[in-house]
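> Listed here are the chains, written in short residue letters.
Number of protein chains: 2
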Amino acid sequence: MRELTLELDVNNKIPLYEQIYEHIRNEIKAGNISCNTKLPSTRNLAAHLDVSRSTVDMAYAQLVSEGYIEARPYKGYYASEISLLYDIHQEDRDLPHGEEESKEDDTIDFSPFGIELDSFPFNTWRKLSKNLLSADNKELFASCHYKGAPKLRQTICHYLYEARGVRCTPKQIILGAGNEYLLMLLNSLFEEKLPIAMENPTYANAYNVFRRNGNDIIPISVDKSGMVVEELCASKAELAYVMPSHQFPLGIVMPIKRRLALLNWACKKEGRYIIEDDYDSEFRYVGKPMPALQGVDDGNHVIYMGTFSKSIAPSIRMSYMVLPHSLMKCLSSQKQMYSQTVSKMDQMIVNDFIQEGYFERHLNKMRSIYRAKHDFIMAKLKECSGKLSVSGENSGLHILLTVDSPLTEEKLIQRALKAGVKVHGVSGYYILDSGNQNSAMPCSGQTLWNTHPTFLIGFASLSIAQIEEGIEKLRIAWKL
Amino acid sequence: MRELTLELDVNNKIPLYEQIYEHIRNEIKAGNISCNTKLPSTRNLAAHLDVSRSTVDMAYAQLVSEGYIEARPYKGYYASEISLLYDIHQEDRDLPHGEEESKEDDTIDFSPFGIELDSFPFNTWRKLSKNLLSADNKELFASCHYKGAPKLRQTICHYLYEARGVRCTPKQIILGAGNEYLLMLLNSLFEEKLPIAMENPTYANAYNVFRRNGNDIIPISVDKSGMVVEELCASKAELAYVMPSHQFPLGIVMPIKRRLALLNWACKKEGRYIIEDDYDSEFRYVGKPMPALQGVDDGNHVIYMGTFSKSIAPSIRMSYMVLPHSLMKCLSSQKQMYSQTVSKMDQMIVNDFIQEGYFERHLNKMRSIYRAKHDFIMAKLKECSGKLSVSGENSGLHILLTVDSPLTEEKLIQRALKAGVKVHGVSGYYILDSGNQNSAMPCSGQTLWNTHPTFLIGFASLSIAQIEEGIEKLRIAWKL
Numbered sequence: 001m002r003e004l005t006l007e008l009d010v011n012n013k014i015p016l017y018e019q020i021y022e023h024i025r026n027e028i029k030a031g032n033i034s035c036n037t038k039l040p041s042t043r044n045l046a047a048h049l050d051v052s053r054s055t056v057d058m059a060y061a062q063l064v065s066e067g068y069i070e071a072r073p074y075k076g077y078y079a080s081e082i083s084l085l086y087d088i089h090q091e092d093r094d095l096p097h098g099e100e101e102s103k104e105d106d107t108i109d110f111s112p113f114g115i116e117l118d119s120f121p122f123n124t125w126r127k128l129s130k131n132l133l134s135a136d137n138k139e140l141f142a143s144c145h146y147k148g149a150p151k152l153r154q155t156i157c158h159y160l161y162e163a164r165g166v167r168c169t170p171k172q173i174i175l176g177a178g179n180e181y182l183l184m185l186l187n188s189l190f191e192e193k194l195p196i197a198m199e200n201p202t203y204a205n206a207y208n209v210f211r212r213n214g215n216d217i218i219p220i221s222v223d224k225s226g227m228v229v230e231e232l233c234a235s236k237a238e239l240a241y242v243m244p245s246h247q248f249p250l251g252i253v254m255p256i257k258r259r260l261a262l263l264n265w266a267c268k269k270e271g272r273y274i275i276e277d278d279y280d281s282e283f284r285y286v287g288k289p290m291p292a293l294q295g296v297d298d299g300n301h302v303i304y305m306g307t308f309s310k311s312i313a314p315s316i317r318m319s320y321m322v323l324p325h326s327l328m329k330c331l332s333s334q335k336q337m338y339s340q341t342v343s344k345m346d347q348m349i350v351n352d353f354i355q356e357g358y359f360e361r362h363l364n365k366m367r368s369i370y371r372a373k374h375d376f377i378m379a380k381l382k383e384c385s386g387k388l389s390v391s392g393e394n395s396g397l398h399i400l401l402t403v404d405s406p407l408t409e410e411k412l413i414q415r416a417l418k419a420g421v422k423v424h425g426v427s428g429y430y431i432l433d434s435g436n437q438n439s440a441m442p443c444s445g446q447t448l449w450n451t452h453p454t455f456l457i458g459f460a461s462l463s464i465a466q467i468e469e470g471i472e473k474l475r476i477a478w479k480l
Numbered sequence: 001m002r003e004l005t006l007e008l009d010v011n012n013k014i015p016l017y018e019q020i021y022e023h024i025r026n027e028i029k030a031g032n033i034s035c036n037t038k039l040p041s042t043r044n045l046a047a048h049l050d051v052s053r054s055t056v057d058m059a060y061a062q063l064v065s066e067g068y069i070e071a072r073p074y075k076g077y078y079a080s081e082i083s084l085l086y087d088i089h090q091e092d093r094d095l096p097h098g099e100e101e102s103k104e105d106d107t108i109d110f111s112p113f114g115i116e117l118d119s120f121p122f123n124t125w126r127k128l129s130k131n132l133l134s135a136d137n138k139e140l141f142a143s144c145h146y147k148g149a150p151k152l153r154q155t156i157c158h159y160l161y162e163a164r165g166v167r168c169t170p171k172q173i174i175l176g177a178g179n180e181y182l183l184m185l186l187n188s189l190f191e192e193k194l195p196i197a198m199e200n201p202t203y204a205n206a207y208n209v210f211r212r213n214g215n216d217i218i219p220i221s222v223d224k225s226g227m228v229v230e231e232l233c234a235s236k237a238e239l240a241y242v243m244p245s246h247q248f249p250l251g252i253v254m255p256i257k258r259r260l261a262l263l264n265w266a267c268k269k270e271g272r273y274i275i276e277d278d279y280d281s282e283f284r285y286v287g288k289p290m291p292a293l294q295g296v297d298d299g300n301h302v303i304y305m306g307t308f309s310k311s312i313a314p315s316i317r318m319s320y321m322v323l324p325h326s327l328m329k330c331l332s333s334q335k336q337m338y339s340q341t342v343s344k345m346d347q348m349i350v351n352d353f354i355q356e357g358y359f360e361r362h363l364n365k366m367r368s369i370y371r372a373k374h375d376f377i378m379a380k381l382k383e384c385s386g387k388l389s390v391s392g393e394n395s396g397l398h399i400l401l402t403v404d405s406p407l408t409e410e411k412l413i414q415r416a417l418k419a420g421v422k423v424h425g426v427s428g429y430y431i432l433d434s435g436n437q438n439s440a441m442p443c444s445g446q447t448l449w450n451t452h453p454t455f456l457i458g459f460a461s462l463s464i465a466q467i468e469e470g471i472e473k474l475r476i477a478w479k480l
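Same order as they appear, the protein sequences are chains D and Y. Those letters in the first sequence? Residues 1 to 480, by the working numbering. Those letters in the second sequence? Residues 1 to 480, by the working numbering.
No lab work stands behind these hints: they were computed from the structure. Watch out, some of these pointers could steer you wrong.
Per label pair, the in silico range of CB-to-CB distance [stated by the list, open to error]:
#1 Y:N11 <-> D:E469: 49 to 59 angstroms
#2 D:M378 <-> Y:K335: 31 to 41 angstroms
#3 Y:C35 <-> D:A234: 45 to 55 angstroms
Straight line, CA to CA, 27 angstroms or less: simulated DSS-like cross-link-like pairs of lysine-lysine [what the hints assert, rightly or not]:
#4 Y:K288 <-> D:K127
#5 D:K138 <-> Y:K288
#6 Y:K138 <-> D:K13
#7 D:K130 <-> Y:K365
#8 Y:K365 <-> Y:K288
#9 Y:K127 <-> D:K127
Ideal placement from N, C-alpha and C gives every residue a C-beta, glycine not left out.
Full structure from sequences and hints, please.
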């Protein structure tokens with residue numbers, strides 16, 4: 001048993017229990033409290049430090065849960081074997097403590113999921129939220145319609161018509177806290193678990209939701225026009241999840257002919273649906289954006305999904321889905337299960353943000369910022385040798401980079417990381433046939449991205465200087 | 001074909017398409033445009049009104065979807081058979097338009113789901129959100145940790161320990177946009193669909209989530225101490241969903257002996273879990289609140305759930321779940337599927353609300369407001385004849401009222417409604433054995449609430465005057 005030489009700082013913002021926790025953790029890590037040393041009882045330590053016993057209890061509970069100390073029945077608390085700790089902590093990346101520390105890393109991360117937040121319209125947001133809160137607006141905190149606030153659904157309806165050619169009424173729109181949630185909700189509208197076709201490679205989160213739900217997943221090859229519809233027609237799929245505006249991860253924009261073929265597949269048999277995920281269509285840098293597939297349909301075969309995660313911010317957790325009439329009936333028969341998941345305050349702020357014209361201005365601003373980054377990265381890559389080829393450009397927040405190298409994708413990722421640059425390989429987005437888990441990766445048609453190491457290069461959250469430095473480091477690391 | 005005598009008001013806040021929609025809808029409802037009358041083409045009407053064609057398109061699309069007009073291929077739009085419309089609209093309660101109108105109803109609704117919003121701390125909320133937004137706080141809009149912001153989880157951890165005796169670390173806490181979402185998430189952590197025991201009657205939304213998920217649901221009788229553990233032990237259940245602090249709908253507080261028996265059931269076999277839904281334990285009017293079941297457990301058998309829906313407001317969509325260590329591993333292996341669903345801005349406001357002491361003051365204030373309403377309703381009911389008996393009092397936001405009447409529950413509800421009072425019968429919360437859908441309602445042990453018409457009387461959202469008027473009307477309608 002050891003005396004603890006800890007002094008608590010009651011004026012510190014860090015809670016007392018955490019100060020105790022940190023002190024003991026550090027003493028154990030430093031070897032000052034060695035393995036199998038008995039710790040003071042919670043009662044004694046509480047008396048010694050002049051704090052409540054519950055404060056010490058919490059500190060000990062946290063230390064136990066993280067494996068630093070262990071509770072031995074009828075004996076007390078003992079420091080654990082320190083050599084075993086490293087592995088535990090490698091696994092436990094999601095520790096609140098671990099998290100905060102990891103932010104200091106200065107690796108340049110070409111993540112395809114970031115957005116730029118330096119240009120977030122803080123002043124407008126503050127003004128709109130202040131206005132909403134100033135009127136003692138009780139409605140703002142009352143329960144919300146299960147599909148979302150009618151006013152916002154009307155606003156989104158209008159926006160989708162104007163911006164994306166989506167044809168619907170507000171009652172077909174349902175808001176949800178993120179695409180994954182909406183896909184979970186969508187799954188529960190089908191009585192059976194329908195076999196679903198997905199582009200291969202595809203968006204991993206959507207794949208995981210369907211896999212977890214128990215759907216048969218049928219990977220469909222992708223050529224330069226997108227999902228290969230002949231393959232879809234030959235499959236037993238009843239649903240197809242596609243991203244025609246900007247396929248993730250490949251960045252392909254599906255031309256109109258392929259879109260019509262896709263719709264034609266859906267119309268051939270009752271109960272077939274296309275799930276159109278239109279996740280980043282706001283950002284197109286060349287030419288006019290192509291309207292959504294939903295607008296070409298007769299309103300019965302396309303489930304349209306969109307999000308404000310890219311166009312406003314991921315943290316407001318606001319996505320929406322436009323349901324065909326047939327599925328709306330299923331939804332309203334189950335509405336008691338689906339309380340609305342989006343904060344009403346955020347809904348009303350976004351409503352005013354769009355209605356008062358701020359959203360349009362914000363999109364124009366962000367489009368020009370992202371275009372500048374996009375154009376810069378394209379120019380930088382052109383300066384590199386002929387060993388690179390770029391695809392999926394002119395739209396969205398990432399491009400696809402294929403490298404002519406004898407090294408594997410994994411090896412190239414490691415070299416880049418060593419040089420301080422994080423790149424994301426496309427191979428992580430390939431999916432397996434769930435009906436035939438042992439089958440080889442389906443690769444009909446040879447395309448660059450399935451024969452050569454290929455990477456998603458996201459540019460939204462990086463500054464021009466970081467992009468320049470990142471590409472320069474890649475060029476050296478990869479000897480381009 | 002008819003000329004439309006519509007004048008648009010471009011200065012009106014109502015969008016133009018909606019003005020057109022409303023005009024035509026009203027003309028059809030009034031009989032001024034009769035059935036089978038051809039409407040002007042969208043092109044002609046757009047030219048006539050000097051608006052864009054898309055505006056007219058949207059108005060027509062809405063009219064079509066609501067059944068007022070129909071599109072005939074190669075011919076145009078025609079007014080529909082008006083007599084058929086009533087039924088359509090009765091079904092379509094969730095229409096944005098329908099909704100706004102229904103607010104004017106002055107029925108006194110003793111809903112058990114309302115909360116009082118007159119005392120919502122608007123000034124504090126405004127101040128906290130302003131402070132958060134004023135620092136151009138980029139973090140506020142960046143992606144959130146999948147379990148929720150570490151800071152808020154730490155704050156909740158501390159609060160739960162202090163207020164409810166819940167023992168956990170911040171990393172065991174996961175936030176989610178509502179209890180239904182968290183239950184969906186919880187379901188996906190189990191490899192198999194485990195048979196689940198639920199109190200009968202129980203919380204309907206939870207029942208629906210499990211039923212939809214495909215769990216075998218085993219209804220367990222409830223006596224005056226809550227779930228009958230002998231019945232649970234004799235069943236094949238591996239999970240038990242219980243509300244020991246204040247059972248919904250019956251209002252029972254489970255005494256410690258029964259709690260220990262329940263925990264004993266869970267400890268007897270590996271992989272058994274109790275889901276403790278602690279939805280309204282903040283409000284207890286007599287004596288000290290009983291600590292949560294979770295705090296009595298060794299940390300391995302209880303999944304604790306709580307929410308800010310009752311204690312702050314339902315619209316902020318913030319619930320939380322405390323997972324035992326065994327289930328945390330399942331969660332972190334699937335974290336890519338579960339982006340956090342709660343708005344980060346709301347998370348940070350709630351964090352500051354709790355940390356700066358506002359939450360405690362707000363709870364004290366609301367407790368005294370609700371206590372006054374609770375005491376008032378109890379006093380009013382005492383004045384009634386001996387034909388009433390009250391249970392589930394002294395806690396939460398509703399009581400249970402059992403009536404000694406020859407009339408059925410349904411008949412009593414109808415009479416009340418005629419008199420302008422809405423009451424909610426307990427029978428809607430009884431559940432069926434999913435393994436044996438044809439079995440009669442299980443009713444082992446005769447209790448008042450399963451032999452006599454019984455109602456949930458929620459008082460939170462009503463004023464004292466409304467409560468008085470409502471009880472008076474019930475007394476007359478039910479001849480008490």
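> Take the hints in turn and mark each one as holding or not.
Each hint tested on the structure:
1. Y:N11 <-> D:E469: 49 to 59 angstroms: Since the Cβ atoms of Y:N11 and D:E469 sit about 53 angstroms apart, the hinted range of 49 to 59 angstroms holds.
2. D:M378 <-> Y:K335: 31 to 41 angstroms: holds, 34 angstroms
3. Y:C35 <-> D:A234: 45 to 55 angstroms: holds, 47 angstroms
4. Y:K288 <-> D:K127: With a Cα-Cα distance of about 43 angstroms, the restraint between Y:K288 and D:K127 is violated, given a limit of 27 angstroms.
5. D:K138 <-> Y:K288: violated, 31 angstroms
6. Y:K138 <-> D:K13: holds, 21 angstroms
7. D:K130 <-> Y:K365: With Cα atoms ~24 angstroms apart, D:K130 and Y:K365 stay inside 27 angstroms; holds.
8. Y:K365 <-> Y:K288: Answer holds: Y:K365 to Y:K288 is near 17 angstroms, not above 27 angstroms.
9. Y:K127 <-> D:K127: holds, 12 angstroms
Taken one by one, the earlier hints fail for this structure at numbers 4, 5, listed in ascending order.
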